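Sequences are here, hints too, so could you generate the full structure?
Taken in sequence, the protein lines are chains H and R. Residues in the first sequence are numbered consecutively from 0, following numbering that gives the first Met the number 0. Residues in the second sequence are numbered consecutively from 0, following numbering that gives the first Met the number 0.
The set of hints was computed from the structure by calculation and includes no laboratory data. The model shown is predicted, which means the values in this text are computed figures rather than measured ones. All clues given are correct.
Between beta-carbon pairs, the in silico distance windows are:
id: 1; chain 1: H; residue 1: 153; chain 2: R; residue 2: 237; range: 48 to 54 Å
id: 2; chain 1: R; residue 1: 133; chain 2: H; residue 2: 153; range: 24 to 30 Å
id: 3; chain 1: H; residue 1: 69; chain 2: R; residue 2: 19; range: 50 to 56 Å
id: 4; chain 1: R; residue 1: 256; chain 2: H; residue 2: 70; range: 43 to 49 Å
id: 5; chain 1: R; residue 1: 254; chain 2: H; residue 2: 258; range: 26 to 32 Å
id: 6; chain 1: R; residue 1: 352; chain 2: H; residue 2: 211; range: 36 to 42 Å
id: 7; chain 1: H; residue 1: 182; chain 2: R; residue 2: 254; range: 42 to 48 Å
id: 8; chain 1: R; residue 1: 194; chain 2: H; residue 2: 153; range: 33 to 39 Å
id: 9; chain 1: R; residue 1: 194; chain 2: H; residue 2: 258; range: 19 to 25 Å
id: 10; chain 1: H; residue 1: 246; chain 2: R; residue 2: 113; range: 46 to 52 Å
id: 11; chain 1: H; residue 1: 153; chain 2: R; residue 2: 2; range: 45 to 51 Å
id: 12; chain 1: R; residue 1: 254; chain 2: H; residue 2: 69; range: 42 to 48 Å
id: 13; chain 1: H; residue 1: 240; chain 2: R; residue 2: 285; range: 47 to 53 Å
Cross-link-like lysine-lysine pairs, in silico, DSS-like; alpha carbons within 30 Å at most:
id: 14; chain 1: H; residue 1: 251; chain 2: H; residue 2: 60
id: 15; chain 1: H; residue 1: 47; chain 2: H; residue 2: 144
id: 16; chain 1: R; residue 1: 377; chain 2: R; residue 2: 3
id: 17; chain 1: H; residue 1: 60; chain 2: H; residue 2: 105
id: 18; chain 1: R; residue 1: 311; chain 2: R; residue 2: 386
id: 19; chain 1: R; residue 1: 265; chain 2: H; residue 2: 88
id: 20; chain 1: R; residue 1: 386; chain 2: R; residue 2: 78
id: 21; chain 1: H; residue 1: 105; chain 2: R; residue 2: 278
id: 22; chain 1: H; residue 1: 88; chain 2: R; residue 2: 278
id: 23; chain 1: H; residue 1: 105; chain 2: R; residue 2: 265
id: 24; chain 1: H; residue 1: 60; chain 2: H; residue 2: 218
id: 25; chain 1: R; residue 1: 3; chain 2: R; residue 2: 152
For each residue, glycine too, the CB sits at the ideal point set by N, CA and C.
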Amino acid sequence: MKKDRRDFLKLAGCAAVAGVGSSTAFHSLLRGEAEAAGLKRAGTKKDKSGTRLGMVIDIQKFIDNRDLAQRCIRVCHQIHNVPDFGNPKDEIKWLWTDRFEHVFVKDTHYRQAQHLQGMPVLSLCNHCDNPPCVRACPTKATFKKDDGVVGMDYHRCIGCRFCMAACPYGARSFNWRDPRGMDEHGRSFISEINPEYPARTMGVVEKCNFCTERLAVGKIPACVEEAAAAEAMFFGDLNDPDSEVSRVLREKFTIQRRPSLGTYPSVFYII
Amino acid sequence: MIEKALQGSKGYWTWIACLLAVIAIGGMFYVQQWNYGLGVTGMSRDVSWGLYISQFTFLVGVAAGGLMLVLPYYLHNYKEFGRITILGEFMAIAAIIMCLMFIIADLGQPMRALNVLLYPTPQSMLFWDMVVLNGYLALNLVCGWAILHSEYKGVKYANWVKPFIYLSIPWAISIHTVTAFLYAGLPGRDYWLTAILAPRFLASAFAAGPALLLIIALIIERNTLFRVGQVAKDKLVTIISYAAIINFFFLACEFFSAYYSQYPSKMYTKDYLFFGLEKDGNIFNNLVPYMQASVVIGVIGIAMIFYARSRKSDILLGISCALIFLSLWIDKGLGMVLGGFVPNPMGQVTQYYPSIQELGITAAVWATGFLVVTLLYKVAISVKLEKEL
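If you want it as structure tokens, here you go:
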């Protein structure tokens, strides 16, 4: 009899603890920030209200203008104080080119169009509508802004690199060493510091920010501006049916990187 | 009670001195890492977590493994474990301390670590990992110390300890589940994105934790009058072998899903880890010898542990536990985390090799863990022997 009572109390205690713990956890998951990261609406229809900034990249235009991609990268890295360490291990990049078959990873595609093989394609942060990096970050150092831009707070980032593991596009870079330092030959990693934008400290993660600092003063992203003459890149509000990106998306066949992952990338490609 | 850790034989002090030396060397390497940045490690843009996080993951398992001694004793009233339960709780303390040190060693900005508390983010699994790990550390400190202290005083532990003991049981499950969720919730990392990751973590933890504990207990038996007891040993063998077999069963399930479905991204990492991955004419296979050895060593260990039990041989028991522990360490403390980064999101392969500094810091954290275990076990064994003799 006595033993039964003890067993019952033990069981009841465990059940109570598990019940309280899990329901609290569940509710806090559903509250506040969880919504912003898309946890609550995962599997439901995406919200079409509000601004969602996005980009369309026309790959053919970059074939016609061979040096355009490099010009875009140069201006981006220059204004954002992106360091050049000169080796792939420490590499930091916001905007870069990779071979077509790497950007759009092909597992089984046979005899793909010859001209696409090895073609350099611009890659950058996809500013996903449902970003896994924002979900992963333990300090909200990376967050989704009201306009859809996935931003970074370099002063809050603790450098755990959970976001790098979470990003399925390899869009995030880590400052493995001091970006404001110089190599053994006395060459500064940042050739010329732009005082308009903060340079980072070592030990934090960074990535493309859709030129949020330029958007704030009514400009468009620097790469889009560079590519404007060639009409190779388009930028604007995806939720606004009258915006230029919306028009391009309606008229052209476009693809996204790894759409099956449910991240809802805001960068589209015309092949 | 703590004074027991300050009285020891020459061998005891030599061991402590060796551990302190390793810690000092690792400390020097950490100063280097602090000044230069995490660039001193072998980690890169593609393999952005390395030895630190893989050791952390493995050691969460060792900490959770203590559950296999606490649960039978407190929940099923299995008296034979009465003498070693405290060892399980103290090993959990040391393992969690190592986990926290590995996390700090891995942070790019360790001085900002408290941002996790200042800006609590419930959607992040890392936030919950911080909660459960620190909670588990506190629970084991409270329970372990209170129970040992009452034993020291020659009385039964106070009733207020009981709820904490019962709480620590589901909590042990939670630490390894949440740690698995760090990995198992990331789209695009196909090796980790599997529902069986948390169960597999638990299975390997329930083998690795008790195996390490049994090895240490056997060493203590050889050097002191402390005895685990044959019945407890036999029971531990049952627990370790079942858990290890379940772990391998789960691994086999992973292999079936990947290779029978022929789903490319489910096969890549397993190819890389176990057979070698071919990319553009190159074969990438730097972890293959370890991973294959892990399976072979594990199978030998499981076979040997049954033989050791039937022969009542402590030597064989120790060796088989060491083999099982090593097998699981390679599997989880090496391949699990590193493999997840291959191939990278562009389908390319970057192979990772830890640097000298990284190895030194890793060794120092392990040495700290052993130091904590040594001191705590010294206290626990001294108290127990004093009461019994």
